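Novice: These are the residues of each chain, in order.
Protein chains: 2
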Amino acid sequence: MTDQEQVKRYLEQERERHLEEVMAFVRIPSISSSSEHKAHMQEAAEWLASSLRTAGLEHVEVMQTAGHPVVYGDWLHAPGQPTALIYGHYDVQPVEPLSEWQTPPFEPVIRDGKLYGRGATDDKAQMYTHIKTVEAFLQTVGKLPVNVKFCLEGEEEIASPNLSPFLQAQAEKLAADLIVISDGPMHDEGMPSICYGLRGLCGFEIHVKGPKNDLHSGLYGGGVTNPVTALVELLGSMKDADGRVTIEGFYDKVHPLTDADREASHPLQLDEAKIARELNVPALSGEKGYTFLERTSARPTLEINGIYGGHQGEGLKPIVPSSAGAKVSCRLVDEQDPDEIMAQIRAHIDRHTPAGVTVSVQQTHRGKPFYISPEHAFIRAAATAYTDGFGKAPVFIRSGGSIPIVETFAKLLHAPVVMMDFGLPGENMHGPNEHFHLENFDRGIATLCRYWRELASVSTQ
Amino acid sequence: MTDQEQVKRYLEQERERHLEEVMAFVRIPSISSSSEHKAHMQEAAEWLASSLRTAGLEHVEVMQTAGHPVVYGDWLHAPGQPTALIYGHYDVQPVEPLSEWQTPPFEPVIRDGKLYGRGATDDKAQMYTHIKTVEAFLQTVGKLPVNVKFCLEGEEEIASPNLSPFLQAQAEKLAADLIVISDGPMHDEGMPSICYGLRGLCGFEIHVKGPKNDLHSGLYGGGVTNPVTALVELLGSMKDADGRVTIEGFYDKVHPLTDADREASHPLQLDEAKIARELNVPALSGEKGYTFLERTSARPTLEINGIYGGHQGEGLKPIVPSSAGAKVSCRLVDEQDPDEIMAQIRAHIDRHTPAGVTVSVQQTHRGKPFYISPEHAFIRAAATAYTDGFGKAPVFIRSGGSIPIVETFAKLLHAPVVMMDFGLPGENMHGPNEHFHLENFDRGIATLCRYWRELASVSTQ
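Chains as they are written, first to last, in UniProt numbering: chain A, 1 to 461; chain C, 1 to 461.
Next comes chain A alone, as it looks inside the complex (with noise of 0.2 Å):
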């Protein structure tokens, strides 16, 4: 038996404990952004320690930051061939509404084929795919074909506040020859695809101040300016009728999509009028000109998150409210720069503010955008893994999302960024009913089982 064929037969016998496993970290309700789960943070870390230490790995140590853990652990031997640090993250995203769920967010259940929990598919199961990749070479054949470092932490849904003064601190530790990320959706079902690039993030939050508390609105309604009514005609300011995002200076960096980027995309065009019935509106809408795709992974965005503001209980409280706020994200391409636009920003908010209120803005996320060329040998010896894994060649394409440290790994440990995505749209990635469809880890598994293969052939062609 061939060491290939030992490392399937072993992926195959041990199936159903790897699947165990999944649902059982899936349990560990992980969620960085709240306070509360503190607890449960470090559980999820120490877990994964221990999953790293079964399959084989060395040096595990669950390293501790300003917040979160890093979980950390390598296997280094297999000299004069690249090194791979593959990057994932095991904290989750809130799960309100809990109405909406069908089952409880961390009770995992397996329905169709598919696996239903949060964090399911956004990092938890992904980020198995390469556990237990390691463990089927480790405990069959005893080696890997290439050199791995694991880096995998606990806060991206916050936007890894701690990550950046981490590699600096350990630069070293974690030097390698690529970054392998594995947190996100392939193009399609029935289409694996390699992403070459992402979106930038610039987060806000903008905060009004009016009156000093709520006020009767019989009595000054009319009166002063209500703060809900002045956050509303700012949110509203930055925003024209085509959709186009109206703060001075925003489109300076952003490069005009050209007939030929069109072109190279047009294999990629999705039905929209599908897209539309699965998310149940009458219409998708955006930006005038441009189509779904280029809308959601070629330009930038202006999103309101979240707002609120007054009375939101049960029935009416006929009150001018006393504050309002809204949370608010820039998704960001090409050259724009998270800093300038917060500036930008920031300008055209001082610019409209209302008389009669003040307003606060705080900048809680940046992300600059990132791009590989398709043309790179990592991503060519990824071409080939994902034709093996899923039996089909993989598109190339540009997402939509942002996934700031992309572009600190690239800068900080000045190696290239390589994303294998085994998700696929639809799986509720941050919403209710979040889910992963398992036969995409399988072939997750056996993409990269050839992908470690093919990168030790690339480095010594």
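Keep in mind that the hints were calculated from the coordinates and are not lab data. Mixed in with the good hints there might be a few duds.
Claimed, not checked - Subject to a maximum C-alpha distance of 30 Å in a straight line, what follows is the list of computed DSBU-like cross-link-like pairs (lysine-lysine): (1) A:Lys239 to C:Lys209; (2) C:Lys173 to A:Lys239; (3) C:Lys209 to A:Lys209; (4) C:Lys212 to A:Lys114; (5) C:Lys114 to C:Lys8; (6) A:Lys209 to A:Lys8; (7) C:Lys212 to A:Lys274; (8) A:Lys239 to A:Lys253; (9) C:Lys8 to C:Lys143; (10) A:Lys411 to A:Lys173; (11) A:Lys239 to C:Lys288; (12) A:Lys288 to C:Lys239; (13) C:Lys239 to C:Lys253; (14) C:Lys173 to A:Lys288; (15) A:Lys173 to A:Lys212; (16) C:Lys173 to A:Lys212; (17) C:Lys274 to A:Lys212; (18) C:Lys38 to C:Lys253; (19) C:Lys114 to C:Lys274; (20) A:Lys212 to C:Lys288; (21) C:Lys173 to C:Lys209; (22) A:Lys274 to C:Lys209; (23) A:Lys209 to C:Lys274; (24) A:Lys173 to A:Lys239; (25) A:Lys114 to C:Lys209; (26) A:Lys239 to A:Lys209; (27) C:Lys38 to A:Lys209; (28) A:Lys209 to C:Lys288; (29) C:Lys209 to A:Lys288; (30) A:Lys212 to C:Lys114; (31) C:Lys143 to C:Lys392; (32) C:Lys274 to C:Lys392; (33) A:Lys143 to A:Lys38; (34) C:Lys143 to C:Lys173; (35) C:Lys239 to A:Lys209; (36) A:Lys392 to A:Lys114; (37) A:Lys392 to A:Lys274; (38) A:Lys239 to C:Lys239; (39) A:Lys253 to A:Lys411.
Values in this document were obtained by computation on a predicted structure and should not be read as measured data.
Given chain A, put chain C in place with the hints provided.
Specialist: Same frame as chain A, but now just chain C:
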């Protein structure tokens, strides 16, 4: 000792007990909008009934409705004299935000001659001036100069959904020559006033529905209509840069303010800089071309009372929210009709709904504006009574608030409504740290003592 002297001495002797009763009444958390306070509503009604019996009223009963009960009691032994129906309400507004109360809302305390607690001015202490006035007459001279009926409801703060059917069913029992209500503020400290006009109310809730669940803003941002953005656009489309409401037809039935109107209200003009300082806002603002007084009493408004949508908790949740909503209320004047206004708003929303979302609107509140001539005999008698009770002639004002039941009473019982307010602006009606100036408890009772005598002489002139 004259009857008048007996009544006065009784009120002085019993003052402390009377205040203790008011405080015990404020202690009952009778929040009508919240179903969890249902038992407290019954408790407050029973308390009031007991208080009416102590005063010497007859036929006292707690009358059930489809909602919270109405408390009734009467004294009808002044043949040939007018019958006054005294209206009040024992329900109070919600108390959020609790953190802004200096002392708990339902643990009343007296500081600097003011009684602090939810419902102190709206309407528990004001209502008690009536009960204690009647008690003073009946427990001393054994009779009142006029006939009185009390009708004390528990649903004013939720727009009195069951009062109209109650008044219709009990029209005979409640028949009166005038209705007297003490449920608002006077014009200003040291400036007693009689309110001869009230704004009407049209309250509604807008709900914007987008995708079936929250979406990842990286993957879908820019590609679908964000319901919060759609709501912001919709609400933004309802006012122009001059603070005018842009709903088509909104001002059709508003009488333009004449030079005479403006001159008449000249002595009432408020110190706008002082109000801005008290409210802690940079400036007062609102519809262009009108003073603060005009904007808050003679002009209609559209105020957003609350807004919600997407993630509101700690941290950023980068989503396109599934839905958003807002609670809005318009204050109406002159001939504006809440149902006509609602129809205009629905038409406006239909015309302005952005593509890609569905919008639903639910009217929650309707109340017509109210007006009584300042020359009416019952109003002139009230002016005489105020001059006696406060040592100063009252001014005549229009109030910006809405007491929809005022118009309901006038319509259903075919009797004029006399508003005798003893509260003050700045007493934080509906807000945190609501309070009532106790000197106006005494002055209010003195005013009412004189009013009942004055009414008797009016009717026999």
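Novice: Which of the numbered hints above does this structure break?
Specialist: 2, 6, 14, 15, 16, 18, 21, 24, 27, 33
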